[in-house]
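Enquirer: Make the complex out of the two chains shown on their own, each in a separate frame, by following the hints.
For reference, the chains in residue letters:
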Amino acid sequence: DAMVIQNPRYQVTQFGKPVTLSCSQTLNHNVMYWYQQKSSQAPKLLFHYYDKDFNNEADTPDNFQSRRPNTSFCFLDIRSPGLGDAAMYLCATSNEGRRPFEQYFGPGTRLTVT
Amino acid sequence: SQKIEQNSEALNIQEGKTATLTCNYTNYSPAYLQWYRQDPGRGPVFLLLIRENEKEKRKERLKVTFDTTLKQSLFHITASQPADSATYLCALPPTGNNRLAFGKGNQVVVIP
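Residue numbers (our numbering), protein chains in the order written: chain S, 1 to 114; chain E, 1 to 112.
In case anyone wonders, no lab produced these hints; they're calculated from the structure. Every residue gets a Cβ at the ideal spot worked out from N, C-alpha and C, and that includes glycine. Keep in mind that a hint or two might mislead.
As the list claims (entries may be wrong) - These stretches of chain E come out as covered by chain S in the derived footprint (C-beta under 8 Å, 3 or more residues):
#, stretch
1, 41-55
2, 98-111
Claimed, not checked - Just a sample of chain S residues kept apart from chain E, beta carbon distances all over 10 Å, derived:
#, residue
3, 16
4, 17
5, 64
6, 69
7, 77
Excised from the complex, chain E in its bound form (with noise of 0.2 Å):
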């Protein structure tokens, strides 16, 4: 069956340090993975956009990787800030046009 699993457990690091975030991806072939932010009773925002092709994309603090091989996408936060405690969603394709999976998101806590 397809899964996307993201770390259930919290990150908590010190203000400053790099966050990394992991989303890992069974029985999908997607040609793209994106990333989104949510915060307590909002909805997810969208933060970054990865193809298939692409091995690294960054956007400000942000740097997202993309492993076709591994099944795997790392999401880095650079320089974090306690503004950057939110959970992170990764997102992709399944079969099938205009639509996205997502997964559970992983929890950031950064500590001032």
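So that you can see chain S by itself, here it is in the shape it has in the complex (with noise of 0.2 Å):
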């Protein structure tokens, strides 16, 4: 089945130790979405590509960053992570090709920091 994967499921890091998550997709679409989301919180965009054009929320920290090396995976980089940062990471993907866009979604990463 074409599905977004991504590893690890769960992740604990310490507090300004850089961490990476990843995402992958089997569904060939062209834009990829990173979400944060706490604990009864709405899931927040962090930053997307649509193709290989990255673009950036206003408010998203510099800590936070993207890369996209190709269609299929997409990675979230947490520089310096710091306590606030602890929440579930959720990757998405959307076919331009078809408009409105419906998002699908992976099961996400839960991260900690320590």
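Expert: Structure, rendered in structure tokens:
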């Protein structure tokens, strides 16, 4: 089945230690998104790629970076995690060829910062 | 400022009854609105999309309405089942392409 895969499902990192979360998709969608979701809150869009074009949200901290080396993979790098960065990180995709775009989410990576 | 509001209190409902959730928005002019289901510890799953020129949309036991005058969408689950217990999020496009803004979601608990 075509899907969005996130690894790892659970990640523990130390305060200030860089961490990378990964996302891959077999849907061949051209748009990929990263969201941060804290408990009982709305998913908050951090940034998205439209093909290779990177689109940052205005309020996304510089501490968060992303890479998309090819259509299938996208990475979220947190350069110096703080305690406030503990959250669920959700990767999603959409197909710009189908308007309007529903989004397909991965299962998420739960990040703990110690 | 732009807001999407969903009831923060969980909706507890008896099995077989209809659950109704509300999504209100401020300072958006969405061409469409989407509803997603999210189970604990999982990513949201798309359920339904309704466009601004559609009053109502149905999918199996789900029904969505969209009132652009009231700036409100209602989400109904008819003949609710315990398996419907989850958090339901509404989402709509802010300005700019490809993006969605999500509400916090409204938890539904269906009691057998």
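Enquirer: Run every hint past the structure and note whether it holds.
Expert: So, going through the hints one by one against the coordinates:
1. 41-55: holds (count 8)
2. 98-111: Answer holds; 8 residues pass the 8 Å Cβ test.
3. 16: For residue 16 of chain S, whose nearest Cβ neighbour in chain E is about 26 Å away, the distance exceeds 10 Å, so it holds.
4. 17: 24 Å, holds
5. 64: Answer for residue 64 of chain S: holds, closest chain E Cβ roughly 16 Å.
6. 69: Non-interface label on residue 69 of chain S holds, nearest chain E Cβ at 20 Å vs cutoff 10 Å.
7. 77: The claim holds: residue 77 of chain S sits with its nearest Cβ about 20 Å from chain E, beyond 10 Å.
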